[in-house]
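A.B. asks: Per the UniProt record's numbering, residue 1 is the first one in the sequence shown, and the count goes up by one each step.
Check each hint, because a few of them may be wrong.
Unchecked claim - Calculated cross-link-like contacts (lysine-lysine; reagent style DSSO-like; alpha-carbon spacing at most 30 Å):
1. K39 to K105
2. K105 to K82
3. K42 to K104
4. K82 to K42
Quick caveat, the hints were computed from the structure, so don't treat them as lab data.
Here the structure is a predicted model, which means the values were calculated and not measured.
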Amino acid sequence: MDRKTIALGALSVCVIVAAVLYSQNKQQPTTSAETQTQKEFKLPEIATHKDKNSCWTVIDGGVYDITPFISLHAGGESAILKLCGADGSESFNRKHAGVTYALKKLGTFRIGVLME
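Produce the entire structure from the sequences given, and follow the hints as far as they go.
C.D. replies: So, in structure tokens, the structure goes:
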């Protein structure tokens, strides 16, 4: 083997390893240290954000302002509006559990955590 082939092989391995590590890092759950630095909300405050103008929901302990997503949801606005001002965990997980795209998209709307 010549040096060019070896270098190309080594570079390929590095790229694959980096991609795997990046992917694993993105899918790890939030640690308690990360949770402590996020804004905390109580359910009564979340309940005031219950319509098309301001739609917050709780999903698995995270608080999300999904207002900008209402008109973009493939399942229609009504599916999202049902979650506004409430805990939408059951509904979200029933439709989207394990769906990487949905989880990543949801993460872009996270504004904090639920404080019980």
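A.B. asks: Please go over all the hints and tell whether each is borne out by the structure.
C.D. replies: Hint check:
no. : hint        : result
1   : K39 to K105 : holds (20 Å)
2   : K105 to K82 : holds (18 Å)
3   : K42 to K104 : holds (24 Å)
4   : K82 to K42  : holds (19 Å)
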